[in-house]
Structure formats: structure tokens, C-alpha cells
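Here the protein sequences line up with chains C, U, D and L, keeping their order. Plus 9 on top of the position in the first sequence (first one is 1) and you've got the working numbering. Plus 19 on top of the position in the second sequence (first one is 1) and you've got the working numbering. Plus 93 on top of the position in the third sequence (first one is 1) and you've got the working numbering. The numbers in the working numbering rise by one with no breaks, and the one at position 75 of the fourth sequence is 66.
Hints may be right or wrong, so weigh each one.
Calculated lysine to any residue pairs in the SDA-like style (CA-CA distance at most 25 Å, straight line) [to be verified]:
1) D:Lys181 x L:Glu282
2) U:Lys298 x C:Pro235
3) U:Lys310 x L:Lys59
4) D:Lys233 x L:Ala309
5) C:Lys205 x C:Pro235
6) C:Lys91 x C:Pro234
7) C:Lys135 x C:Ala188
8) U:Lys310 x L:Leu221
9) L:Lys59 x L:Asp159
10) C:Lys91 x C:Val52
11) L:Lys59 x L:Ile157
12) C:Lys99 x U:Lys298
13) C:Lys135 x C:Ala194
14) C:Lys91 x C:Ser186
15) C:Lys99 x U:Glu295
16) U:Lys310 x C:Pro235
17) U:Lys310 x L:Glu19
18) U:Lys310 x L:Cys214
19) U:Lys298 x L:Cys216
20) L:Lys223 x L:Glu82
21) L:Lys10 x L:Ala(-2)
22) U:Lys298 x L:Tyr215
23) L:Lys223 x D:Asn152
24) L:Lys283 x D:Asp176
25) C:Lys201 x U:Ala301
26) C:Lys99 x C:Ser112
27) L:Lys283 x L:Cys214
28) U:Lys298 x C:Pro122
29) C:Lys247 x C:Lys99
30) C:Lys91 x C:Ser190
31) C:Lys205 x C:Arg47
Now the stretches of chain U that chain C is said to cover, found in silico as 3 or more residues with beta-carbon under 8 Å [said to hold, decoys possible]:
32) 96 to 106
33) 133 to 142
34) 279 to 290
35) 301 to 310
36) 316 to 327
Far from chain C, some chain U residues (derived; all Cβ distances over 12 Å) [to be verified]:
37) Met27
38) Ala56
39) Asp175
40) Arg227
Calculated from the structure, these hints are not laboratory results. Backbone N, C-alpha and C define an ideal beta-carbon position, used for all residues, glycine too.
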Amino acid sequence: MSDQSSTVSQEAPGMAESLYTPYLATIEQAVQETWDTRTFRAVFCDERTRAEFAYHPGQFQEVSVFGVGEATFCLTSSPTQKGYVEFSVKRVGSVTTALHELSEGDTIGIRGPYGNWFPYDELRGKNLLFVGGGIGMAPLRSLLNYCLDRRSDYGHIDIFYGARTPGDLCYTREFDSWAQSPNTALYLTVDKGDEKWTGHVGVVPAHVREISPSLDNAVAITCGPPIMIKFTLPELLKLGFTDEQILTTLEMRMKCGVGKCGRCNIGHTYVCLDGPVFTYAQIRQLPPEF
Amino acid sequence: MAEINATMLGASELLPWALRLAASRRVLAPIAGTDGAVRYLPVSPDATLVFSGGRPVRGPKEHFMPQTDPLFTFTGSGPAVALQPVFNHEPAVIFGVRPCDGRALRSLDNVFLRRRETDAHYAARRGQTIMVGLACAEPGWGCFCTTVGGSPAGTDGLDLLLTDLGDRYHVRILTSAGRELLEDTVCSPSSDTEERLAAEQHARAIVRLQLAFDSNRIAERVTWDSPIWERVARRCLECGVCNFLCPLCHCFDIQDETTADGGIRFRCWDTCQFDEFTKMGAGHNPRAGRKERLRQRMSHKFKYLVEEFGQAGCTGCGRCVEMCPVNIDIRAVLAELGTVPSAEHPAK
Amino acid sequence: MKAETKPVEKPASSSWEPALVAFLCNWCSYAGADLAGSSRLNYPPNVRVVRVPCSGRVNPMFVMHCFKRGFDGVLIAGCHPGDCHYAKGNYYARRRIPLAKDFLGFLGIEPERIKFDWVSAAESGRFVSVVRELTESVRKLGPFAVKARNGFPSLPTGVQVVNE
Amino acid sequence: MNELVEAMRGTAARLLNGKEVALVLGYEAGSVSFRTAPAFIQHAEDAPRLVWNPFCTNNLAAYLPELKGVGRIAVMAKGCDARSIATLIQEHQIPREQVMILGIPCVGMIDVEQLLVAGERGPGTTVTCGPDGMLTVASAGGQRAVPLSEVLQGRCTNCEHHVPSIADEVLGNAPAPIQASGDAFGAAAELAGRSAEDRRAFWRERFERCIRCYGCREVCPACYCRTCFLDKPAPRWTSKANTLEDTWMFHAVRAFHLAGRCVSCGECERVCPMDIPLTLMNRMLAHEVQEKFGYTAGLQIDGIQPLGTFESYDPDPAEHA
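Let the sequences and hints guide you as you build the complete structure.
Here it is, written out as C-alpha cells:
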């Protein structure tokens, strides 16, 4: 048709590259974490990207399965792990299902990294309290492994991690190395145990209350289902954490990741640009719409 | 010598001029289809240009933000995938842009060019498009541009502004790009009488537009806990008429479509009025109901964008007012927000 | 039918052959087609067979989807009235499919592009003739989508498939 | 007409005061004189908000499917609206006893696009409706009187059910029936008489400008699916890309889903911002369903619709093969 005479050129004259073109990456490894969650390790196809893709713990990326679409995942690997990126995927919708169906060696697209990050520099010298629930451990793992890789930079680290059942705990293969790190304690719990589970049973906030870690000069970093966050916050406040000493990362539906598509806003705050990492003090300033 | 900033163009010269320009670029104008429906379409010798009446229901936004906008194509599957970026753009001129639609580009610019990184797809089209405006002689019943700081003869975002004087157009030259465009046609200097006639026509249109609500410090009055949201949203049908016709609603979705040997990644208009807009994969929806979604639409336009860029996300074009199936009139909602006391969200 | 079916590739018009979809009921028509094959009967290779449990399973939406994706014609075949494995599925089809055919005609799809008929498990010859009839009538009309460049449907407005 | 408004308000107040219903769905004044808005009246003291005039075009049945659980609902229903409600009851979307149909004899609704001519579409225009069926349009250009009968919506000029056939109460006195001036199938028949190529071109031009706002779907009382086929991620029948094929698929499937169910209330066409003559498809199908199966939608609250059943003597395709 004559009215479709638009030119197609590879590059707009004098324009920046498209924000929406992903880097190609190959799935190097896919670890089945739980019955519905897998962690993918992807290696960028292009050597330069491999070298230049620099990210911080807490940032996220847009992952493409070509022909199906794109979805947002936080980076769960630590920047100290060189040569690849990792992200965990819970099977809930069409893109996540398509990701689960991919095999090692398949090509995906990755855009990013996007968003802000955990202030790991400011956290230096401080004691850290990680509180994670279910798949919410994914962004925490990035920071946790970063801190453990630079162990001497940080103070005492307490890790509270819980899930519905033992089978819903992710990153079990790393539990030993977390627990055995110097000056580090790992507290696991499940809402409902099974015949093999010998550990703690109960929800995460209750576990935090029971242990009541006494930490001064500490920062709490939490991520998990909204209900867990809701009941964890009062516990942290009771432990003496101020609103500024509690960090969390928010999840909203995103499409572009770069502040254009208009759906991840909470009030005038765009989670993709101003988040996903917020202090509890910042969150209290937001309208309750997340 | 002082530059001339206004000139006259014979009405019969308009289409020939547009066609001459079309030889070297894409030229769009409001054109009637066989059943009279008006859209901004490429000009052709047999086209019926619609330069009279109010602003067309379908504005020129789609030229900058096509409803379906390819981003790249891909071929292959499994380990062998190749991407081919797509940039659809070319030099263009849009005729008959109403001042409300011209002004709307400022808001789109804020989002696509100023909010952090530049959107190259939008930027390429924006940078290569010349806007030939048309002063609005017949505002619609839903129009309220003057309430939100615009004018039926506003020049924001335009390169030329035409004013219809019957057999000829008064042309106000606003930019050098507009001036260059005029080199392709025969113009005559405007007389004082013609200047006066144009000004009178502008004034007549302005007089017809009453202030619809008090826009002063409007962001403070768009409150989170107003009872209005619930009451008005009750009749909302959650269609996308308001958003899709809005000259500066810009939200989009990104999707894939497969073709025989690969596929295409495109973005497409989306609307905050649809349930799935913010619904997450696992089912949680932060804006779960029509109340939340109506509040989002109104607050985004009159609070969040004001807080971010100092300018409301609305140019008062009145399309959503006139086309809402259930008469949700944004003017009435905003007027009422100024009067209904509400329990404020503690933090705001 | 998988809705994500890839669109049909459009060969150059000189070598054009009608691309047809045949929805065949599992119990009669599919068996009839099978018999045609095992009896070494010749029939045009233009049909892509979709086996459905019953002609009553054929949602008119399936037929629309075929045209949307660029096929040139559609055959729907089931058990003769009275012979339905599920007793009455084909009776429902007998209401829906002709109505859908009329409706698609109203939208501009020639009725000769849609064939709805009965083929029993024994009627291999009938299957062959039904497929032949459809193929020939569609051949006369020409390709649906390519012709529709100036008609309908067409390539997406604003979307360019750069590989073309 | 005032008498009718009094009856509406009185009935609404009575029903709410007597706790007979939890909600009254009606119309209230719109933001301009030639628009009204759907009203949700829950308290008797709000009953005076109710209005009635030839701008009460919305089919309030569209709200019923999602108001389950609210309690018994009284709905102001024109002839066509009542037929929509009947269809909803027939399709088990709302139990008969949960809805109280307040029938309103209707003399037709105004097509505002047709009523307001150039010069009258601007700010400040008001329309008043006289009791004699005369409309007065006052605009910056002066005053003009128009008979209602000349500016009726297309659906009203050939309405055969202006008094609700199924109602718990009929408010007001039935007016003289409108003389059906048009043939309901007329425009569709004209199109059907053209060549296939012409029909393709006709729909192409119209579907091509669809912006997929889904106003037609949302306003339609019969489009109540919790998840529309359009929104299903898998299988994905239509792309969100507004390609011609996808738009075609959307309208074709939607119209066909309404075959034997659409009551021709015409709301889809009224709200379409792109002026796509959607009801042509519905009219064509309604006509075919009437011809083939002798069925008219919305005249009964029980029984099975023609595409959900069959007769052993239905015409057989093989006969004319």
C-alpha cells in the first residue's frame, strides 16, 4: 500500500540506539529451585556486552523470549560473579512459562540493568539483617552474595529466610556456604514442614520475633510477599530499626523498564526509575497502591 | 531587515502546496473517508481535506506514537536468533494540527525525551516533523483548553499557525522550519486588516470557552481519598475511549507477534483503564478496581505530571469529555474536587 | 487447533496453490480421509487436516482464525446426521457453520471458500470429491490474502515485515 | 414526560424505603443538557436525582452481571434494555428475582451527532425537550426547533419493542408507538447485495480505523464474559497489535458471539469513537437467525437460544451440495 512508505533504516540519523533492543544471551544453566521456580544463568553472546554489562545488587532487567514477550526479573547473581547474569523465574504467566520451557543453549534477550540498587557502599561496616520470603529471596541473594564475597567490608550478617514448605525454599544449594561464612547466621523457617524437615516451623515475622537478633548499627533488607512484609515491619521497628534503616524492593508490573510505558508508577514515583529499592521511610511517603 | 512573521495563503493553494511537499516527505492532513470519518492521512490529489469544524476526534498523536509501533524483528529460534532493529520514521509535515494537539506534544516530549533516557523512536519522528497548525474556530462542547492554560489560537508545538479567513489563510510563522516550508508555495504579505481579522477570529473562539474549573494549584486538590473516585467510577465501563483519544496519553504495552520465519516486537497503545494494565503475573493488581483506575487517570494528568514537570497532562481538547460512553466529564470531576472536602492520605 | 499457528507463507502467484484447512471429525470424516489415503485415491494435496473430536467442536472462531492467518479456504466435515458419535454434535454444527458462512460472506469472504459437508468413515470417494470441489472453487477465486492486498485482510497497518 | 419522571422518583423512593431493592439503576442529569449519566441510587433521598428524557440512551443492563451480590436491583429499562435484561436472565447471568424491571415506554432516543448541526456543537449549547416531542436547540447562533422524530437514533426508527415486553412495573402511560420508518435489516441488506469485493472494501475501510478501545464490548450488556477471548494470553486469538487482521477477527468473533443474543440496542455503535457501523453485523445476524430459526432475542426469559440447540429438520448442507 502506498501509504506505508515509511523508511526502514537500521539507525536513526543522529539518534541514540533504541531503548528497547535487548542484548542476545545464551542460557548456560537452568537450575530447578522449586517445583515452580528456576534460576537461569545467561551469558551474553557478544563479548563486549559480557565485559560491559555492569550492574549492582538490587537492579532488574527485562528478559525476552522471542515470539512470546518480555518480562521483568531482578538480577539475583552478584556483580562479583563475573561473566554471566542470573535471574530466578517463578512460573506464573506466559513469558515465565516460555522461559521454563527453554533449554540450555537457547537464546534469550536481556535489556538492562535498570533501576536503583541497594546502597552497598553505605552499608559497609554495618551489621545486616536479611529477611526474605519465598521468591522474594531473589534480589536479596544478589546483595547477600556480594557482601559475603567482600566479607570483611561488612559486620555481622543475620539471614532470615522462609517459605511455605521446605520444597518452596530457593537457593538451598547455597545455604551451607551462607551459614558457614564467618560472623554469619542463617535462620530458616517454613510455614508448614514435611516429614524430612527438622528445622523451624512458623512464619518469618514470628521467627524474627523469636530470635530477636540484637543488632546495633544495623540495616534490615527485606523482600517477600506483601503479607510477610506487612507483619515483618512491626517486628523490625520493635527491634529498634528506624524507617530509614529498613530497605525493601518493590515489584510492579513493568513493560519498558525505562520510565516510558507508564504502568509502574506509585503516585509520581516510577518504580523502574526511582526504585525498585526503597527505604521504609520512602515507602511511607507513597500512596498505598502497590 | 526585520523578518516577516506573518503572511497570507490562498485557500485554493493549500492542497497543491501540501502535494508539492509530499514529493519529498510524508504529508498528513485531516482527510475524510468515504463515509466522512476524519483521520490524519497522507494527502493525495483527490483527498478531501477537512479544515473546517472542530478538532477531529482522532488526532495526529498516532504519527508520533503509532498505535502499533514495531521496535525490531527477529528471525530464527532456539540457539540461533538474530535481531533486526526497525525505525519507522521519515521527514513529515502534518497539516491542520489544532493548538490543543500541538501543545500535547510538549507533554509527550517530557515523557519520551526528558524523563531520563531518550526514546529514539519517538525522537526520530518528532525531530523530523513540521507542524502546520490551524487555529480552532469552532471549539467543541467538551473543549476547555483555556482552563488548562491553552488557547484555540495557541502556538505551542507548532511551526506555522493558519487562521481561516474564508478564501485565504492568515499564516503566522513560528519557527524557521515553518518559514522554509513556505518556500514551496506562493504567499503574499498580510495587511493590517488581515492581521485584525485573524486576531478577531481568535478572540471569538476564546470568548466561547468558559473556564471549566479552577486550575490554580489543581494538583493539591486532586486528593487520594476523595469520595468522588468511588462515586464517579461506579458508572465507568473501563473501556479505553478516553485514553486512546487523548492527545497525550502515552502508556504502552510491549508485545511479540510471530511471522512465518520469526516475529516482530512491537509496542502498542495501552490504557490504565484496563484491568490487565497493572495486573501482575501471579494475579496481584495494585490498581484492582475501577475506582483506583479512574483515580490513576485523573491523578496522573492533574497531579503526578504536574509534580514531575510542572504541567498538567491535559490540553483540554475535550475528546474524552465528548466521547465517554457514560458521560464521565473530567471537567465536572475536577470542578467538584475543588469543593468536596476529603480525608487526606496522611503522607500527602 | 493451536491459535499460535504460523501464518501461511505466500508463494509467488505463478506457483500459487490454494492453502486449505480441513476440520475433520475424528469418528467419520477423518476415517474417511484415512481410507482415501489407504485406498490410494488421489486428492489435491492442498488441505492441512485438523482432526477434531466432532464437527460440533468446530467453533466458528476457528474458521475465522484460518482466514485471519491467510488460508484461502476451509472445509468442515463431520458424520452424517444421525450418525454422530456424540449423538448430536453435528446437529449443532449444522446450525452454527452455515450461519458463520453467511456472516463471513457479509464481511466479504466468498461462500465458495467455505465448505461444510458430511463424510462418513466409508465415504473415501466422497471425501476426495469434497476436497476437489473446494480446491477447484478456491482456485477459481484466487488467493484470499494476497488478493486482499487491495481488499482484506492485509498486512498490518504500520507494521512492516522487513524480511518480505 | 414530567409525570413519568415523578413516577420514576416515587417508585425508586418507595422501593428503597420499603427495602424491596438495594439499588435503583436509572439516569441522572449529565454534564450538559444533551447527555445523561447512569445513576446508582441507593438511598431514597437520592431519588430526586433521577431524570428521564430522550438522552437516556445507556443500556443499564450492562451493569447487571457484575452487580451480583448487591441484592435486588431495580432497573429503569426501555424496550431494548428490557430485552437485554431478559437475555441476561435467560443466560443465568442474573436470577429473575434479583432484578426488578421498571419498564419505561420509550418514544426513541436522540442521535446527538445528528441533532447538533455545525455551529451548535460548541460550548454553551443547550437542548430542551418539550412535552410535544419538539426539541429546542439554543446555541450561540440562535434557537432552532426540531421534532424528536427527525433526529432519532437509527435503532429507534425501526424499533418494534418500545414498550418493554417483560417488566415488573411499567411506569407512566404508554405513548403512541413510534411509526417504524425504517426496515431493521435495510442497511445490512443493501450491503449484503453488493459484491464480495465491495463488502471487503467496505469493512476494510471501517475496521482499519478501529482503535481497539473496546468501548463496544464494554458497553454491551451481552458481552459479560469474565475473560474475553481477546484478553486470553493462550491461545492468543488476536494480537494487541491493531493490525487489520486482528481487528477484523475481533469484530467478526464479537458479532458472531452475539448472534441470536443481540437485541439491537445499538449502544456499541453509539459509543464507537471511530463511527464503525457495528450494528450492521448484528442486524445481519439477527435477520438470519430470525429467517433460519424463527427466533428473536430478548423476548423470553427461559428456553434455549437458537445456537444452543437444534432441530432434526434443520436445513441440511448436503442437500444442496
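Results for each hint:
With a CA separation close to 23 Å, the supplied pair Lys181 of chain D and Glu282 of chain L stays within the 25 Å bound. Using a Cα cut-off of 25 Å, the hinted pair Lys298 of chain U and Pro235 of chain C holds, with the two alpha carbons roughly 15 Å apart. Straight-line distance between C-alpha atoms of Lys310 of chain U and Lys59 of chain L comes to about 18 Å, which keeps the hinted pair within the 25 Å bound. A hinted pair counts as satisfied when its Cα atoms are at most 25 Å apart, and Lys233 of chain D with Ala309 of chain L qualifies at roughly 22 Å.
For the hint linking Lys205 of chain C to Pro235 of chain C, the alpha-carbon distance of about 28 Å lies beyond 25 Å, and the restraint is violated. Our distance criterion of 25 Å between C-alpha atoms is broken by Lys91 of chain C and Pro234 of chain C, whose separation comes to about 30 Å. At roughly 18 Å between alpha-carbon atoms, Lys135 of chain C and Ala188 of chain C fall within 25 Å of each other, so this suggested pair holds. As the CA atoms of Lys310 of chain U and Leu221 of chain L are separated by approximately 23 Å, the hinted pair is consistent with the 25 Å bound.
Straight-line distance between C-alpha atoms of Lys59 of chain L and Asp159 of chain L comes to about 19 Å, which keeps the hinted pair within the 25 Å bound. Restraint check: the Cα-Cα separation between Lys91 of chain C and Val52 of chain C comes to about 10 Å, which is no more than 25 Å; the hinted pair holds. For a cut-off of 25 Å, the pair hint linking Lys59 of chain L to Ile157 of chain L stands: about 20 Å separates their Cα positions. For the hint linking Lys99 of chain C to Lys298 of chain U, the alpha-carbon distance of about 16 Å falls within 25 Å, and the restraint holds.
Distance restraint check for Lys135 of chain C and Ala194 of chain C: the Cα-Cα separation of roughly 15 Å lies within the 25 Å cut-off, and the hinted pair is therefore satisfied. Distance hint between Lys91 of chain C and Ser186 of chain C is fulfilled; the C-alpha atoms sit about 19 Å from each other, no more than 25 Å. Among the hinted pairs, Lys99 of chain C with Glu295 of chain U is consistent with the structure: their alpha-carbon atoms are about 19 Å apart, no more than 25 Å. Restraint check: the Cα-Cα separation between Lys310 of chain U and Pro235 of chain C comes to about 21 Å, which is no more than 25 Å; the hinted pair holds.
Using a Cα cut-off of 25 Å, the hinted pair Lys310 of chain U and Glu19 of chain L holds, with the two alpha carbons roughly 20 Å apart. With a C-alpha separation of about 21 Å, the suggested pairing of Lys310 of chain U with Cys214 of chain L holds against the 25 Å cut-off. The suggested pairing of Lys298 of chain U with Cys216 of chain L holds, with an alpha-carbon distance near 18 Å, which does not exceed 25 Å. Proximity of Lys223 of chain L to Glu82 of chain L is assessed by CA-CA distance (about 22 Å); at most 25 Å being required, the pair is judged to hold.
For a cut-off of 25 Å, the pair hint linking Lys10 of chain L to Ala(-2) of chain L stands: about 18 Å separates their Cα positions. Proposed proximity of Lys298 of chain U and Tyr215 of chain L is supported: the alpha carbons are some 20 Å apart, at most 25 Å. For a cut-off of 25 Å, the pair hint linking Lys223 of chain L to Asn152 of chain D stands: about 16 Å separates their Cα positions. Our distance criterion of 25 Å between C-alpha atoms is met by Lys283 of chain L and Asp176 of chain D, whose separation comes to about 23 Å.
Restraint check for Lys201 of chain C and Ala301 of chain U: the C-alpha separation of about 21 Å stays at or below 25 Å, so the hint holds. The hinted pair formed by Lys99 of chain C and Ser112 of chain C meets the criterion: a straight-line CA distance of about 16 Å does not exceed 25 Å. Between Lys283 of chain L and Cys214 of chain L, the direct Cα distance comes to roughly 24 Å. Compliance with the 25 Å bound is thereby established for this hinted pair. Our distance criterion of 25 Å between C-alpha atoms is met by Lys298 of chain U and Pro122 of chain C, whose separation comes to about 23 Å.
The straight-line distance between the Cα atoms of Lys247 of chain C and Lys99 of chain C is roughly 32 Å, outside the 25 Å bound, and the hint therefore fails. A C-alpha spacing of about 20 Å is found between Lys91 of chain C and Ser190 of chain C, which places the hinted pair at or below 25 Å, so the restraint holds. A threshold of 25 Å between alpha carbons decides the hint, and for Lys205 of chain C with Arg47 of chain C the separation of about 22 Å falls inside it, so the pair holds. A stretch counts as covered by a chain when three or more of its residues have a beta carbon under 8 Å from one of that chain; for the stretch 96 to 106 of chain U and chain C the count is 10, and the coverage holds.
Here's how the stretch 133 to 142 of chain U fares: 8 of its residues keep a CB closer than 8 Å to some CB of chain C, so the rule of at least three is met and the hint holds. Counting residues of the stretch 279 to 290 of chain U whose CB falls under 8 Å from any CB of chain C gives 5; the rule of at least 3 is met. Given as covered by chain C, the stretch 301 to 310 of chain U passes the check, having 5 residues with a CB less than 8 Å from a CB of that chain where 3 are the minimum. As drawn, the stretch 316 to 327 of chain U meets chain C at 7 residues by the rule of a beta-carbon pair under 8 Å; at three or more, the given contact holds.
For Met27 of chain U, the non-interface assignment is confirmed: its Cβ lies about 31 Å from the closest Cβ of chain C, beyond the 12 Å cut-off. With a least beta-carbon separation of about 16 Å from chain C, Ala56 of chain U lies farther than 12 Å from that chain, consistent with its non-interface assignment. No beta-carbon of chain C is positioned within 12 Å of the beta-carbon of Asp175 of chain U; the least distance is around 22 Å. The claim that Arg227 of chain U is not at the interface with chain C holds, since no C-beta of that chain comes within 12 Å of its own (minimum 33 Å).
In this structure, the hints that do not hold are numbers 5, 6, 29, in rising order.
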